[in-house]
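Engineer: Read off the chains here:
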Amino acid sequence: MIIFNFIKPNQKQQNSQKNNSNFLQADAKKITDKNREQAYVPSRISECEEYLKDKFCNSPDVIIEDFETKKKKVLIAYIDGLANKDLIDRDIIKPLKSTDFKGEVSSALNACHTISDDIDDAAFEMVNGNVAIFYEKSRQAVIVDFKQWDKRSVEMPDSETVTRGPKEGFTENIRTNTSLIRRKIRNPRLVFENLTLGRQTNTSISLVYVKGIVNKDVLEEVKSRLAKIDVDSILESGFIEQYIEKNSFSPISGIGVTQKPDIVAARILEGRVAILCDGTPHVLTIPELFLENLHSSEDYYNRTLQSTMIRILRVVGLFIGVLLPGFSVAIITYNQEMIPASFLTHIITSTQKTPLPSAAEAFFLILMFELLKESGTRLPRAVGSAITIVGSLIIGDSAVSAGIVGAPMVIIIALTAVASFIVPNLTEFISIYRLFFLFLGATMGLLGIGAGIVIMLTQLISTESFGIPILSSFSKNEIKDSVVRFPLRSLKYRPASIAKDNIKRIK
Amino acid sequence: MSKKLLVILECILILALLTGCWSRKEPKNMSMVNSILYDLSPSGETQVMIEVMHPTGEGKKAGGSTGDTGSGDGASAPMPLVFEGKTVAEALRNLSKNQDKELFGGLNQARIFSEKLCKQGVGPILDFFARDHMTDETPLMVVVNDDNPKRIYTCSTGMSDMLGNYLSSLSDTQQKITCEAVFVTSLQFFKDYYTDGQQPVMGLVRIEENTESTNGDQDQPQKPYIIYEGLAAFKDDKLVGYMNGIETRDYNMLTNNFKITAISVPYGNDFIAVIVKKANSKINTELQNEQIKINIKIKAVLTIIQEYGSIDISQREVIKQVEQEFNEFLKSEIEKTIKKAQNEFKSDIFGFGRFFHAQHPKEWQKIQENWDEKFSKAQISVNVESSIIMEGEIKIPFTMEKKVNDK
Chain A
7 MIIFNFIKPN QKQQNSQKNN SNFLQADAKK ITDKNREQAY VPSRISECEE
57 YLKDKFCNSP DVIIEDFETK KKKVLIAYID GLANKDLIDR DIIKPLKSTD
107 FKGEVSSALN ACHTISDDID DAAFEMVNGN VAIFYEKSRQ AVIVDFKQWD
157 KRSVEMPDSE TVTRGPKEGF TENIRTNTSL IRRKIRNPRL VFENLTLGRQ
207 TNTSISLVYV KGIVNKDVLE EVKSRLAKID VDSILESGFI EQYIEKNSFS
257 PISGIGVTQK PDIVAARILE GRVAILCDGT PHVLTIPELF LENLHSSEDY
307 YNRTLQSTMI RILRVVGLFI GVLLPGFSVA IITYNQEMIP ASFLTHIITS
357 TQKTPLPSAA EAFFLILMFE LLKESGTRLP RAVGSAITIV GSLIIGDSAV
407 SAGIVGAPMV IIIALTAVAS FIVPNLTEFI SIYRLFFLFL GATMGLLGIG
457 AGIVIMLTQL ISTESFGIPI LSSFSKNEIK DSVVRFPLRS LKYRPASIAK
507 DNIKRIK
Chain B
587 MSKKLLVILE CILILALLTG CWSRKEPKNM SMVNSILYDL SPSGETQVMI
637 EVMHPTGEGK KAGGSTGDTG SGDGASAPMP LVFEGKTVAE ALRNLSKNQD
687 KELFGGLNQA RIFSEKLCKQ GVGPILDFFA RDHMTDETPL MVVVNDDNPK
737 RIYTCSTGMS DMLGNYLSSL SDTQQKITCE AVFVTSLQFF KDYYTDGQQP
787 VMGLVRIEEN TESTNGDQDQ PQKPYIIYEG LAAFKDDKLV GYMNGIETRD
837 YNMLTNNFKI TAISVPYGND FIAVIVKKAN SKINTELQNE QIKINIKIKA
887 VLTIIQEYGS IDISQREVIK QVEQEFNEFL KSEIEKTIKK AQNEFKSDIF
937 GFGRFFHAQH PKEWQKIQEN WDEKFSKAQI SVNVESSIIM EGEIKIPFTM
987 EKKVNDK
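Those protein sequences? They're chains A and B, same order as listed. With our numbering applied, the first sequence closes on residue 513, and no number is skipped along the way. With our numbering applied, the second sequence closes on residue 993, and no number is skipped along the way.
Everything labelled a hint here was simulated from the structure, so no lab data went into it. Take these hints with a grain of salt, some might be off.
To be verified - Computed cross-link-like contacts, BS3-like style, restricted to lysine-lysine with a CA-CA straight-line distance of at most 25 Å: (1) A:K252 to B:K589; (2) A:K506 to A:K482; (3) B:K687 to A:K359; (4) B:K611 to A:K359.
What the hints assert, rightly or not - Pulled from the structure, derived: some chain B residues nowhere near chain A, Cβ distances all over 12 Å: (5) Q760; (6) K762; (7) P810; (8) V904; (9) Q945; (10) W950; (11) E955; (12) S967; (13) E979.
Keep in mind that this is a model prediction, so the values were computed, not measured. Where is the CB? At the ideal position from N, CA and C, for every residue including glycine.
Given only the sequences and the hints, what does the whole structure look like? Please build it.
Structural biologist: Following this line, the structure appears as structure tokens:
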């Protein structure tokens, strides 16, 4: 099914228009009490207190305290750890308790605020870190934004490291992330659209694009797919990625992931849409063309020749990573006459006392490599390096001297592994197709490899990312920034398939 | 769903139609054939000797020798066994009864033929090569000019570990550095054989006994060695004679396979050694009163490499004279070579017939049948033009410079 998804006819674009109207009013705001029809705030603050305590189940981190002022009884409610207490003391309690207080709460506060007449709404603001103020007989809640909690500062991301280019990466805080993007694109037409997803988690999601550049069809499609999400939790942007992608069993998602604001800025300036998700530094960019997995932000910061050379190298690496094990097994077991005589002699000599056939050797080594890779990433860093050293020694040397595998196959798989690291974005694609080609090469020889290439290309050609064919980088208008990178001066146009409406960069 | 299924079925069907090499073979279960010798038994059956690589990577040393692949240590290498059969296939089948691994001929380096077999005709064996899909067209074709051709497997193999490798690199090198040998692969032989107006040739090796003992303290008899020189001329599939090194050099010039060689040209009482850097031949054929005339023009580019002192080659006229001498010298050599092919072989190994075919297609139809006869009676005229482009790094001869300075 993974391979043959291209056979599937295009599904109907259903209901995409219908859902857009209530897009911004995602239905996650009702915490409990669905039966209540009308919004209201009790007029007595003791009732308010009771209601809130009941709602938060007497949770100790919810602070609800009432106090007397000169004129009115006031109730203040917030969640400990999410709101700044110093500011609450200085800008809410102090002015209300002062002798100058004339009875009008909203005008007495030293802070920006909003008024709400729904107590559930106020409770929702509280879980977002805001402060809710109730006072006697007002039937209103004043909401003050004093959010403050512990968060990671802007740091260098652990992946996508560059030698040239900005080092800052996104953090888990969506507000920080939006500001990082806003700082890159100082243009009022940069648009953030907020929504909340996840019935339990109420995660803030932000859609980012530049108005006038963005591909409207893609934007509509993204919005309609987002509107269809109705789940209990969104804990990472990966959840969104998997809910909005079309084919879950394709090795290519058509959605890019990055941790770096400069990459997001470059992408949305090409007409793409980015999705920020609170609680994760990984930002989605839509659509993602196939060749962009082989690009790096550094390609644009470095000079043309170097970038082009490295891009070609990545394409070579991709082909080695996908094809080499299958191709070499096919040649070794079916077409020995294609191997130079001296090397075939070496293969015969080194495999003389090994128990496994060549295909099984290749599979065994790939398995070892995947095991090592996985154990290296999951373990604590100190142990991880030890595992890698032991593992690589076992793979590289002992496996050969113990007579489990032949040395030529070790070299082939090692080369494959190194080559596949050159395109980290396509790890999934490479490792799945690598096994596919190994199977074909072992059972059908070069014929199988040829058939596999046709199948792979057919799939790539027929895959679309939000309506845009992922191989459109090879079209005439976009070839300047594909496998090669022309000088920046000649890249006058945005990718034509993505920025359909506004192709010229300087507009 | 049914549509999907159909497409999948279609794919499988297409794969089934495109069957290629389906026989999966693990390299470790193969033994690589390095060279094959074809001979005739006294009773007239085909004999086959086969040299295979031993999987320990130590050449054909299967007989329990423990030494490494050093060149001095090959004496313990056993001779490959000889197998007989009425046909090649039968001989190979008999041979396989002795093998614990599957024979793999895809990377065979050399096919060696005995003189006896070649004189009887190699046609049936070549038919086997051409017919069998597992045999390759790349191996070298050589004839052993020796009474006991099987002796070749006892010869020293130079820097290589196996005879097949040795012969193939030997022929390749020889054609590049001396041009006194030919490098004929099976494919080339087939081409020459099938071309109208061209007769095939094969490479030629002879075995020399090593009589000089290099170390006194070694009782071990020195191994015989191989000289790769000359060519074996064929008429159709039968051997008709051999050419020596000098004649082979002329053969290479005439067939435009010439790379580089050194020639000593007599000049007065002394010699001048020149390096022929390029030699291109142009062949023109004429038909006059049933008599075939073949005009050969050879253009050569020379550099002087050694000179015996009596000639002052710093002068332009002397250079001209040297060129003249060289032209005369080469002309007579080439004429002798062609005469040999005409009179002794009666076989057009130079492929003059091809040129006649191209230049006189209508007349060719008439004489095609007995071209070799016509060729042996053809009138040959050779014209050599040469130009010396370099006199080397010194101008005045080394011995003469002293005298010039003394004056």
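Engineer: Given the hint that A:K252 pairs with B:K589, does the C-alpha gap stay at or below 25 Å?
Structural biologist: 20 Å, holds
Engineer: Far enough from chain A: is every CB of that chain over 12 Å from the CB of B:Q760?
Structural biologist: 20 Å, holds
Engineer: Beyond 12 Å from chain A, beta-carbon-wise, is B:S967?
Structural biologist: About 46 Å separates B:S967 from the closest Cβ of chain A, which puts it past 12 Å; holds.
Engineer: Please verify whether B:K611 and A:K359 have alpha carbons no more than 25 Å apart.
Structural biologist: Distance ~16 Å between B:K611 and A:K359 Cα, so the pair holds.
Engineer: When you look at the beta carbon of B:Q945, is every beta carbon of chain A farther off than 12 Å?
Structural biologist: B:Q945 is indeed farther than 12 Å from all Cβ atoms of chain A, at 40 Å.
Engineer: Minimum C-beta separation from B:W950 to chain A exceeding 12 Å: can you confirm that?
Structural biologist: Non-interface label stands for B:W950: nearest chain A Cβ at 39 Å, farther than 12 Å.
Engineer: Minimum C-beta separation from B:V904 to chain A exceeding 12 Å: can you confirm that?
Structural biologist: It holds; B:V904 is separated from chain A by about 50 Å at its closest Cβ, greater than 12 Å.
Engineer: Checking the smallest CB distance to chain A, is B:K762 really beyond 12 Å?
Structural biologist: 20 Å, holds
Engineer: Mind checking the alpha carbons of A:K506 and A:K482 for me, to see if they're no more than 25 Å apart?
Structural biologist: Given that 25 Å is the threshold and the Cα spacing comes to 14 Å, the pair holds.
Engineer: At 12 Å, judged by beta carbons, does B:E979 keep clear of chain A as stated?
Structural biologist: Holds, because the least Cβ-Cβ distance between B:E979 and chain A comes to about 38 Å, which exceeds 12 Å.
Engineer: When you look at the beta carbon of B:P810, is every beta carbon of chain A farther off than 12 Å?
Structural biologist: The assertion about B:P810 holds, with a minimum of 25 Å to chain A.
Engineer: Looking at B:E955 again, its CB stays over 12 Å from all of chain A?
Structural biologist: 39 Å, holds
Checked against the numbered hints listed earlier, the structure breaks none of them; every hint is satisfied.
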